[in-house]
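Enquirer: Chain residues, written in single-letter form:
2 protein chains.
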Amino acid sequence: MFRKLLTLDQAKQVIEQHFSAEPLGVEEIPLLEAYDRVLAQNVTAALDIPPFNRSTVDGYAVKAEDTFGAEENKPVKLKVCGVVNAGEAPRIILTHGTATEIVTGASLPEGADSVVMLEDTDQKDCDIHVQSPVTRDENVMKAGADMRKGETVLEKGQLLSSREIGVLAAVGLARVRVYTLPRVAVLSTGAEIIEPGKKLPPAKVYDINAYSLSAAVQESGGKPIYLGVFPDNVAKMQRILKKALASADVVVTSGGVSVGPKDIMPKTLGSLGKPGVIVCGIAIKPGKPATVASIGGKLVFSLPGHPASALLVFHLLARPVIQRMAGRKTNSVLEVKAFAATRMFPAKGRRTFITVKLKHEKSGRLIAEPVPTGLSGAITTLAKADGFVEIPENQQFVDEDDEVVVQLFKIYLP
Amino acid sequence: MFRKLLTLDQAKQVIEQHFSAEPLGVEEIPLLEAYDRVLAQNVTAALDIPPFNRSTVDGYAVKAEDTFGAEENKPVKLKVCGVVNAGEAPRIILTHGTATEIVTGASLPEGADSVVMLEDTDQKDCDIHVQSPVTRDENVMKAGADMRKGETVLEKGQLLSSREIGVLAAVGLARVRVYTLPRVAVLSTGAEIIEPGKKLPPAKVYDINAYSLSAAVQESGGKPIYLGVFPDNVAKMQRILKKALASADVVVTSGGVSVGPKDIMPKTLGSLGKPGVIVCGIAIKPGKPATVASIGGKLVFSLPGHPASALLVFHLLARPVIQRMAGRKTNSVLEVKAFAATRMFPAKGRRTFITVKLKHEKSGRLIAEPVPTGLSGAITTLAKADGFVEIPENQQFVDEDDEVVVQLFKIYLP
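Those protein sequences? They're chains A and B, same order as listed.
If you're matching positions, the first sequence starts at 1 in our numbering and goes up one per residue.
If you're matching positions, the second sequence starts at 1 in our numbering and goes up one per residue.
Don't read these hints as lab results, they were simulated from the structure.
Incorrect hints may have been included.
When chains are identical, the list treats them as one kind, so a pair holds in a single copy or across two.
[Stated by the list, open to error] Below, in silico cross-link-like pairs of lysine-lysine (DSSO-like), each with a Cα-Cα straight-line distance of 27 Å or less:
(1) LYS362 x LYS329
(2) LYS288 x LYS298
(3) LYS384 x LYS362
(4) LYS4 x LYS63
(5) LYS384 x LYS156
(6) LYS337 x LYS362
(7) LYS337 x LYS357
(8) LYS242 x LYS267
(9) LYS12 x LYS348
(10) LYS359 x LYS337
(11) LYS142 x LYS285
(12) LYS156 x LYS359
Turn these sequences into a full structure, and let the hints guide you.
Expert: Next comes the structure, spelled out in structure tokens:
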């Protein structure tokens with residue numbers, strides 16, 4: 001059986017031609033549940049924040065010019081007229097020669113333009129002695145200093161961390177519109193695969209991929225729908241894929257994509273609707289048999305059965321699609337530069353990904369040491385590595401001591 | 001009112017003397033829900049993974065030495081005896097001069113030590129012609145190659161990403177023991193503060209901190225319990241803090257920690273049990289009024305009311321405690337080196353944190369430009385900044401063009 005392999009870039013182009021990865025919908029949720037979600041609306045301030053001139057200290061609201069020239073030995077005397085507590089609308093209008101007691105967070109009374117700190121005054125009956133001058137606006141957060149009414153304070157597409165959630169609370173939003181999470185159905189195929197938790201019969205192995213890929217979906221900002229393990233049977237696989245396509249936005253399978261008699265995925269995918277299989281093998285190592293189908297406007301990523309290959313191809317092809325469907329940015333790969341510990345060879349004519357461990361030499365130099373995955377089935381090596389080095393199709397090798405860019409797992413297949 | 005300020009390091013020491021931040025408990029959860037949780041058990045492989053010698057390709061299981069000398073023009077002929085499918089225990093014992101058809105993932109029959117790829121053979125009736133030799137173990141993943149029976153494959157304290165979840169599935173675990181999430185009660189105080197979503201009366205502002213800090217608790221690996229906004233009233237605050245201490249593992253409040261008449265937190269905290277307030281002001285800027293109490297073996301972090309100060313002090317003091325209680329590592333701050341865009345001055349005698357925005361100059365040089373928070377109350381500046389520069393107590397200033405370390409928000413207050 002012969003397949004024309006696409007290059008990685010061609011495969012990505014073909015996927016983009018068939019599927020426009022965009023957020024699918026919007027939902028309104030409580031702000032308290034919005035951490036790590038993606039904002040689906042531009043947020044403008046409906047009012048100035050703060051809405052009024054606000055004291056940032058405990059002390060006395062004054063007219064700054066009344067304090068000019070004040071010194072410790074030559075204090076300025078002001079008459080205290082009333083007090084403004086936090087949360088109280090001030091009813092006083094401040095005039096020259098007077099001061100109003102004020103607490104942190106309270107609104108400055110009309111006529112006041114600055115606040116003298118408690119520490120810089122001496123209280124004497126109904127007067128204060130100001131020992132140090134203030135300038136206009138000193139110890140005041142002016143109305144609109146944080147946000148101006150009508151100003152766009154956060155934009156659509158913003159991932160919400162503690163800081164942005166603070167901004168949303170500041171403008172008074174208790175609920176917020178975010179993109180819905182793309183639902184991603186995940187299943188494994190293979191007659192030798194059984195689900196963890198069951199007793200292991202001879203010649204069987206536990207399923208890894210439906211679990212690691214479900215977690216990888218979460219890492220990408222999607223919501224995994226775990227479907228389980230299914231045998232190499234075309235009719236059964238057609239049924240389960242139809243169900244998966246009906247209930248999910250994206251489908252990710254693993255196994256059954258090679259060229260053997262039991263590799264039913266390409267055939268099954270071809271039978272479910274147009275255009276069917278759009279990528280059938282990619283010139284990469286590992287991951288060559290990776291297959292992608294477009295069925296009824298939805299994508300099915302059929303990844304190799306080897307766990308490390310499955311995760312790598314997921315990262316290369318499925319992750320950016322899911323990220324964009326979740327409204328997330330796709331450029332969040334963390335990279336470091338290091339020196340190759342040994343010469344590394346790519347597979348002939350295939351974009352090659354070499355798993356490496358990072359080590360600091362005594363000199364402080366960071367080196368990247370290939371981890372002998374040997375067999376792309378080994379999941380422990382992947383768990384022990386720090387990242388990988390990507391070698392282009394047309395490069396002969398990376399030499400010992402060459403500088404390489406290591407794409408780190410911690411963010412990338414975090 | 002006079003307070004002796006502790007240095008930041010002293011404050012951390014005092015907290016450590018009073019509270020040993022360790023995971024509080026363990027729970028068993030489905031592996032499918034274990035993403036981003038922390039493993040609470042050492043996991044050993046109960047069996048070899050894979051449990052048998054496994055073919056990594058479709059082809060023919062052979063004795064490698066039978067193929068020695070095979071060439072395209074001088075193929076070696078072997079008699080095909082049977083087939084091993086994936087998931088089938090092989091019943092054949094392979095002898096010299098024979099080969100067994102085998103698919104990817106299937107168990108090698110006894111007597112076979114390697115697999116010839118389908119592509120390297122010609123099938124003729126009951127024979128195959130092998131056109132290229134294989135070496136012993138070629139195209140075979142040997143029993144135990146990924147994990148050896150009894151080997152510790154993951155250790156207690158491991159944060160679970162897609163890769164580690166794959167390892168746990170591989171050893172057959174459908175459920176896994178993880179540390180329970182520390183419950184962190186979060187509340188705001190202040191007469192001028194009201195909850196977002198309500199209509200804003202004059203002289204009031206929306207609460208920011210209970211929202212931003214609840215998200216910061218999630219960023220630290222804890223489970224926030226949002227309690228809301230409470231007025232500056234000692235008796236009411238005593239009641240709510242008692243409730244919070246009874247239902248949560250840690251309590252985080254904001255506001256009411258300065259030295260004004262409405263700053264009820266130190267007094268309230270002092271009334272609830274021994275030893276009470278253990279940190280009462282820290283020589284940092286921003287964040288000076290930060291207060292910490294230890295009550296009945298639990299910590300209360302009372303942060304300043306200014307939103308940016310509250311988040312910063314949370315990061316400096318509360319975050320590492322919550323991370324350790326969650327079983328997480330505390331050293332996950334992401335740093336970059338940059339050049340100071342301007343001279344930066346610390347506050348006299350206080351460890352100073354200056355919020356900065358990173359910019360690439362045309363030359364490619366990365367520069368750190370202070371963001372004029374001006375007033376530590378501004379939450380938008382914090383949301384627009386990339387990180388901060390920390391200036392030690394004893395340093396006079398950071399000069400323009402000096403190299404500085406920028407601690408990034410994206411990981412740190414992610």
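Enquirer: Hint by hint, say whether it matches the structure.
Expert: To see whether the hints hold, each was checked on the structure:
Taking CA atoms no more than 27 Å apart as the test, LYS362 paired with LYS329 passes between copies only; the shortest distance there is 24 Å, against 37 Å inside one copy. Taking the shortest Cα distances, LYS288 and LYS298 sit within 27 Å of each other inside one copy (22 Å), while across copies they are farther apart (55 Å). For a Cα distance limit of 27 Å, the shortest separation of LYS384 from LYS362 inside one copy, 21 Å, qualifies, whereas the shortest one across copies, 39 Å, does not. Taking CA atoms no more than 27 Å apart as the test, LYS4 paired with LYS63 passes in neither setting, with 81 Å inside one copy and 32 Å between copies.
Proximity of LYS384 and LYS156 under a CA criterion of 27 Å is satisfied inter-copy only: 15 Å between copies versus 37 Å inside one chain copy. Taking the shortest Cα distances, LYS337 and LYS362 sit within 27 Å of each other both inside one copy (17 Å) and across copies (21 Å). For the homomeric pair LYS337 and LYS357, the shortest alpha-carbon distances inside one copy (13 Å) and between copies (23 Å) are both at most 27 Å. For a Cα distance limit of 27 Å, the shortest separation of LYS242 from LYS267 inside one copy, 14 Å, qualifies, whereas the shortest one across copies, 65 Å, does not.
Only within a single protomer do LYS12 and LYS348 lie at most 27 Å apart by alpha-carbon distance; the minimum there is 21 Å, versus 56 Å between protomers. Taking the shortest alpha-carbon separations for LYS359 and LYS337, both the intra-copy value of 12 Å and the inter-copy value of 20 Å come in at or below 27 Å. Taking CA atoms no more than 27 Å apart as the test, LYS142 paired with LYS285 passes between copies only; the shortest distance there is 21 Å, against 60 Å inside one copy. Taking identical chains as interchangeable, the C-alpha atoms of LYS156 and LYS359 lie at most 27 Å apart only when they sit on different chains, with a minimum of 23 Å there against 40 Å within one chain.
Consistency with the previously given hints fails for number 4 only.
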